[in-house]
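A.B. asks: As they're listed, the protein sequences go chains V and P. Residue 73 in the numbering used here sits at position 73 of the first sequence; the count goes up by one each step and never skips. Residue 39 in the numbering used here sits at position 39 of the second sequence; the count goes up by one each step and never skips.
These are calculated hints, taken from the structure and not from any lab test. None of the values given here were measured: they were computed from a predicted structure. One thing to keep in mind: the hints can contain errors.
[What the hints assert, rightly or not] Facing chain P, a subset of chain V residues (Cβ under 7 Å, in silico):
#	residue
1	Cys73
2	Arg106
3	Ala107
4	Ala125
[Said to hold, decoys possible] Pairs of lysine to any residue, SDA-like flavour, derived with a Cα cap of 25 Å:
#	chain 1	residue 1	chain 2	residue 2
5	V	Lys128	P	Val53
6	V	Lys62	V	Ile31
7	P	Lys41	P	Leu104
8	P	Lys41	V	Ala129
9	V	Lys134	P	Met40
10	V	Lys62	V	Glu114
11	V	Lys128	P	Arg39
12	V	Lys62	V	Asp23
13	V	Lys128	P	Ile42
14	P	Lys41	P	Pro51
15	V	Lys121	P	Asp76
16	V	Lys128	P	Leu58
17	V	Lys34	V	Met66
18	V	Lys121	P	Lys24
19	P	Lys77	P	Ile42
20	P	Lys41	P	Arg79
21	V	Lys124	P	Pro30
22	V	Lys121	P	Leu62
23	P	Lys77	P	His108
24	V	Lys124	P	Ala37
25	P	Lys41	P	Pro30
26	V	Lys124	P	Asp76
27	V	Lys124	P	Glu49
28	P	Lys24	P	Ile42
29	V	Lys134	P	Gln59
30	V	Lys121	P	Leu43
31	V	Lys124	P	Pro51
In this text, a Cβ means the ideal position worked out from N, Cα and C, and glycines have one as well.
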Amino acid sequence: MHETMFLEKDGIYWEEVMTKVLDTQYLAALIKTKRGNRGLREIAQEIGDVSPSTLSRIENGKVPDMDTFLRICDWLHVSSEEFIKETQDQQENEISNIDRIEGYLRADRELAPETADALAKLMKAAYKAATEGKLGQE
Amino acid sequence: MRGLDRNLREWCENEGVRWRRELKLYAYDPLPARLLAQRMKILVISPMEIPEVDELILQCLLAENAGWSALTLPIDKGRHLIIYNPTHAATRYESNVMHELAHLLLGHRPIRFHQLSAGLLQDFTPPFFLAHLEIESLNLADERTGSEPFEH
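Okay, chain P solo, but in the shape it has when bound:
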């Protein structure tokens, strides 16, 4: 994968320094995801902290290799909630939560969830033309993979 575009790299570095300064950290200090989230007033929780979640749902999501890392939900008035997969190691937690925070810092617009035929998210099924969407998005993904603005 290609490196960061120079302008974006500069922006990222400045942003990193800016947030560290806000948190009274030195520019070379680590920037823990939890600290940054707190400063951004974003609640970061695990599925177990959400009331009224069925035990079977938790079992499924907390199973080994469940296949999800984290998700961000816009709540209202610019508030966001991050739910992370607590079965991942601390290092991966950092990467997962930072990734979600980066969506917000970069002002990405959220996806509306619906079911794709591979079964992305099932319960939100207004009669969208699912297969069409899936093909569109996969094609775009193939074209764009090389120009993704983040290094991974």
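Bound-form chain V, shown alone:
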């Protein structure tokens, strides 16, 4: 399923981007396989610029940052494309309504993380109140 993204900033532009998922399980599996019995510390050093604990988290399915991800791809000799898949319908359905909130946002390009977080929470609260009929004047 192709998700369409609408991104909106004070800049002002809009565009559509397909939503893709990083297959973290596949990534983790390949790292573990290639690492074999060697230690995390040694492999982290081999990959470069990644701590053993971060590597361990990635092996447990956490999403790496972009730089680390690309370095791991190099180390694996696997194209980064290999790990990107389109979101599946089934997966979509498993996400609750509230987690699937969509909308338009007009905001600065660089929102402070606290503001971004506050907006996310506001949207959730508004969505909940609206669907429960708790917003008047309609």
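Once you have looked at the hints, place chain P on chain V.
C.D. replies: Leaving out everything else, chain P in the frame of chain V:
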């Protein structure tokens, strides 16, 4: 920024006249955002009108230069809700809310919110490949800025 494409300009002008007519206004009358929203059956509220919002969240969003203007939420069955930043001046309120209404009039499809590494929206974090998305969207943005269909 370039002006409007001729066809789009014509469409906009006709649309403006059409909505004014619906509201029993003259073609040259101002078209207040609140009136248009009412006619479109879109609720426009400030964050303070939403129940069960933590005081700290309000403080953050209502701070000076909080950096957001307005947002639109699709609710269900084609219903939409606009939340505006009430700390902005009346003129900016008009521009902010009209902007949101224009998304709906133009049938733009909404964005799904997730966290970008710059921290767009944080709580919606299925394991999307965030950095990739961000780079994609920034690249596209650079290319498209000149062809944005609205004048600003």
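A.B. asks: Given the hinted pair lysine 124(V) and proline 30(P), is their Cα-Cα distance within 25 Å?
C.D. replies: Roughly 34 Å between the alpha carbons, so the hint for lysine 124(V) and proline 30(P) is violated.
A.B. asks: Is lysine 128(V) within 25 Å of arginine 39(P), Cα to Cα?
C.D. replies: Holds - the C-alpha atoms of arginine 39(P) and lysine 128(V) are around 24 Å apart, at most 25 Å.
A.B. asks: Is lysine 77(P) close enough to histidine 108(P), meaning Cα to Cα at most 25 Å?
C.D. replies: Judged against 25 Å, a Cα distance of about 16 Å means the pair holds.
A.B. asks: Verify the proposed pairing of lysine 62(V) with glutamate 114(V), using a straight-line Cα cut of 25 Å.
C.D. replies: holds (22 Å)
A.B. asks: So, alanine 107(V) near chain P? Judge it on the closest CB pair being under 7 Å.
C.D. replies: holds (4 Å)
A.B. asks: Sort out whether isoleucine 42(P) lies within 25 Å of lysine 24(P), counting only the CA atoms.
C.D. replies: This hinted pair holds, its Cα atoms lying about 19 Å apart.
A.B. asks: Quick one, are lysine 121(V) and lysine 24(P) close enough, alpha carbons at most 25 Å?
C.D. replies: Distance of about 39 Å is beyond 25 Å: violated.
A.B. asks: Checking one constraint from the list: CA of lysine 124(V) to CA of glutamate 49(P), max 25 Å. Satisfied?
C.D. replies: With a Cα-Cα distance of about 14 Å, the restraint between lysine 124(V) and glutamate 49(P) holds, given a limit of 25 Å.
A.B. asks: Would the hint linking lysine 41(P) and proline 51(P) be met if the CA-CA limit is 25 Å?
C.D. replies: At roughly 21 Å apart (the allowed maximum being 25 Å), proline 51(P) and lysine 41(P) satisfy the hint.
A.B. asks: Tell me if the straight-line CA distance from lysine 121(V) to leucine 43(P) falls inside 25 Å.
C.D. replies: Satisfied, since the Cα-Cα distance of roughly 19 Å is no more than 25 Å.
A.B. asks: Are the Cα atoms of lysine 124(V) and proline 51(P) separated by 25 Å or less?
C.D. replies: holds (11 Å)
A.B. asks: Does glutamine 59(P) lie within 25 Å of lysine 134(V) when you go C-alpha to C-alpha?
C.D. replies: The hint holds at about 22 Å.
Going down the numbered hints, you'll see the structure goes against 1, 18, 21, while the others check out.
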